[in-house]
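Peer 1: Spelled out, the chains give:
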Amino acid sequence: MRACTIVDVTGLSYRTLNALLRHLVQKGVREVILKNVLGHRFIGAGLKAEGITIHVEGTPGNDLGAFMDGPTLLVYGNAQDCVANTMDAGEIVIYGDAGDLLGYSMRGGRVFVMGDVGYRVGIHMKAWGSQMPVIVIGGKAYDFLGEYMAGGTIIILGLKGETLRGSFIGTGMHGGTIYIRGEVDKRALAKEVEVMPLKDEDVSLLKKHIYDFCQYFSFDFQKIMKSEFTKLKPKDIRPYARLYSY
Amino acid sequence: MVRRRRRPEFYVIRDYKRCNECRACERLCAYAVHVYDKKTRRLEAEELKCVGCHFCEEHCPQGAIRIERALSTFSEGRWSTYDLFNIYKQAETGRVLLTSTGSNRPYRDYFSHMVLNAAQVTNPSIDPLREPVEIKTFIGKRPTRLLYEREGQTFRLRVSLGPLLEIESPIMFAAMSYGALSLNACKALAMAACEFGTCWNTGEGGLHEELRPYAHRAIVQVASGRFGVNREYLEAGCAIEIKIGQGAKPGIGGHLPGEKVTEEIAATRMIPPSTDALSPAPHHDIYSIEDLKQLIYALKEATDYSKPVGVKIAAVHNVAAIASGIVRAGADFLVIDGLHGGTGAAPTMIRDNMGIPVEIAIAVVDQRLRDEGIREEVSLIASGGFRNSGDVVKAIALGADAVYIGTAALLALGCHLCRSCHLGKCNWGIATQDPQLSKRLNPEEGAQRAYNLLQAWSLEIKEMLGAMGINAIESLKGNREQLRAVGLNEKELKLLGIKHAGEPW
Amino acid sequence: MVGGVKGFDERRFRISSGCGVVGVIDREGRPFSGELVVSSLCVLSERGNGLGSGFAGYGIYPDLKDCFCFHVMYYGTEVKELLEGYLREHFEMVFFEPIPTKEVKGLGPLPLLWRYFLKCKEDQGSEEEEILRHVMFINRRFRKACVFSSGKNMGVFKGVGEPEAIAEFYRIPDYQGYIWIGHTRFPTNTPGWWGGAHPFNVLDLAVVHNGELSSYGTNRRYLESWGYQCTLLTDTEVIAYLFDLLYRKHKLDLDLVVKVLSPPFWFQIQEAENGEKELLRSLRIIYGGALLNGPFSVIVASSNWIVGLNDRMKLRPLVAAKSGDFLYLASEEAAIRAICPTPEEVWRPGAFEPVIGRVKDGQT
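Chains as they are written, first to last, in the working numbering: chain R, 1 to 246; chain S, 1 to 505; chain C, 1 to 364.
Hints in this document: simulated from the structure, not taken from any laboratory. This one's a predicted model, so the numbers in the text were calculated from it and none came from an experiment. Some hints could be false.
Taking lysine to aspartate or glutamate and the EDC-like style, the derived pairs with C-alpha atoms no more than 20 Å apart in a straight line are [said to hold, decoys possible]: (1) 277(C) x 151(S); (2) 160(R) x 344(C); (3) 277(C) x 134(S).
Some chain S residues near chain C, calculated using beta-carbon distances under 10 Å [as the list claims (entries may be wrong)]: (4) 399; (5) 481; (6) 505.
Yeah, the Cβ is synthetic: ideal placement off N, Cα and C, and Gly gets one too.
The task is simple: from the sequences and hints, build the whole structure.
Peer 2: This is the structure we're talking about:
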């Protein structure tokens, strides 16, 4: 059977669209192209599958890939809010910008955004064992990046000039790592965060994910890797230990 | 009449198995409660002298002492022990009963009948640990609209914000004079205020030399006795407070018993040593509201309009109208001191029977000033028995800009609320002028403790604001919607301007 | 009983709502059909729950553009007579008629909907103050009537229903305007009363709002001390009044108004340059009671401009886009793409990055 299915989702409710997706995946379809997506929410939500690629043409609605476990989503345009909400595994690639709350409580998988993201990206990301979520942003991010982060990796490349526009970066961070290309204005950083020197493992990690990132968007990998990166880590795994009296 | 043996207020229970007769308690107690009996070769206690300050109990190296309040089998109901003992004292002395600290009479505690909202679902709470919650507060007069000229991005403001106090959190230390308190206690509070970024208040004590380094954060008081008031004093402080009244003793003036007027006190206040410093009830140059306006402007002129000049009054029945008059008389801030305000010394009957609770006072003053369109011009400070940050948040929601704490600050320094300040023998070194006793209070340590209190309350205020979904304290001020009452009657709800729990927005 | 639920007068309670908002302006001032904003809003219907939508259009009454146009909803016929008497007494009634509507299945119970084109009688000082005073009085006093629009050459159309239904009912596509805003509502109660939907109007200001104000209690009492009567108990009303106070009465420029409502944090003000620092500090100290706290994204329109504004922590979504002379604002990008598939520029305004679009050669 043909492995790629094209669906024009004009006029479909998100329920119908997602039910269709689940049905197709169950039937063994390996590639789906969704055309004329316009604000459809929850695309790929809870979808558990390996080796599936879903192409999204248009503007997907909120919660793209929420609770997703495995598929690859390619978005040809901007995404909205809550991308990769509590995502477990899989890969989301956005050929554009994304909104707020990307990767909230993400537990695995990768999200690559060509352009900018908004506020509260990577809140409470978690990692355990081999589960290691990764977010790579080609443009800039706003306030509260990595808030309450418990694990995982966020990489901000700032390829258009700006990496961070905002404050409270890493507020409440107690695990995980944030890498920013170039220098960072310390005033943007929350008090739970400190700048650490890069080690070899960091460079390998950066190379690995940035290479894949550049493959998707045809960016110049060598040029990007010539830059210096700032590594942000939490100062403490228990940042509020001395706040409460028992 | 047979001389009866009176029942003491406190029992001193000594565990003789633990006591090793080191006699520390005997040396330490300023009230001379503990006495070493050479015949029995052990320590005995003259319990009638004990005021229940717990100093001995907390300092006995053997932990051998227990101070317990004597159970009263005397009387319950309408005639309480308080009434009986008061009468006995008066029958003995024929004098006016004197007491200290705030009233403890069973008037309704309005703060404990108000609960706060929390934001949920339709509105998020803000996470104060990780996100910004601003509690910076400004005290003083301000215009109610901005007038300006502009050229592109250059602005020329055509109004001036009056001189303002900028405090890091809406809590300041209340007026407690050097005289009522020891110099070390004053120093501790002054240091803590400066370090934290808020203000302290000289009270009627004048400004002692050793407190000068902290004067830039001092609100200097001008009371009816004008103790220690000269141009230098006015210049030194960051604001001036005309004390018309205080919550603990509305209608009468400050009271420093002669026992506490040492040479040093006398020098600071410029009065003869050992005399009672009894401030007159009114300022004798203020017999009507226009006189107050005159004094306010006299002070402003004398300081070239460089600092806020405010007025402190006791909360009484007509407080809303009085407040309105005071604002129109030119005050930059207004302090309302409620029924539960503390004091170093006051006649018991006045402390316990005069004035109204601060919760209601703030609510009616705030509403009245808004009705007259003058609320935004001035700052309103609530005072009188604030026990925790919850009380503070509720007061601001009722309409206050900030709050004074007195008793709470002293508790931070070690006070045990034994209510004997007027005796001048405070074992904790706080409310005494005895140099041996006041040495017990280490100003640096005290300052750290007072600072800790400010810090802890401020963090709690941020937590509560965040929980209500508010990230700037301006949005709590007068926000009665964030309050609900539990168990108050219709009239009380109306006066406070709040709804009952269960009533929606 | 007013509206849907027996014994329930929605105006006694402040109902929170989740919502979707849109706004479009042609900065050349060329009118376009309301159909555009309807198409955009329908994409956001997931954000509402069918219990309230509305629109506001500017430039829709070009032939009577010097008259104040009152849109009134009546729940009863006696009150209509009373109110018309009142209007005739206080104004010159140039023209009046029922608001043209179309029958739409599922909408109801319907109020009576009329529009009155009025002029102020003699020169009684400020026309705007007169109109505002009367509208506040009417909305307070006439419980079964509500003036829900009162500006010149503009109008608000709103009710309890889905965006498509309300748009069809009011025949929105028949109107031509150079600024349109729209709203779909998700109230946390069962309103029957059509006046509770957005947009909310004051003179020629129309406001649509997504969010809830935790500062409502403070803002309301602040406004009351300036003489505004909050009759509708909605957050949006407070936002509209604040704009009226700051922009019209206090004559603050728009870019200062937004700095009052959504001011930078103190630590940011500290780092501003001297002149700006003093300005920001003064604004915050003077206008603390006007600070809007809580999550919101708000679109405010007036005869000459449109503003999109976020709260200080950017808790609600807002997307902006430009294409030629058109400026678009919406809660979600999809709503913009529905009516402008390939804009020149798309961006997500941040917390202190309000979007202001003015009509060229307008009076601002």
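Peer 1: Next step is simple, just say for each hint if it's right about the structure.
Peer 2: Results of checking the hints against the structure:
no. : hint            : in the structure
1   : 277(C) x 151(S) : holds, 16 Å
2   : 160(R) x 344(C) : holds, 18 Å
3   : 277(C) x 134(S) : holds, 17 Å
4   : 399             : holds, 8 Å
5   : 481             : holds, 3 Å
6   : 505             : holds, 3 Å
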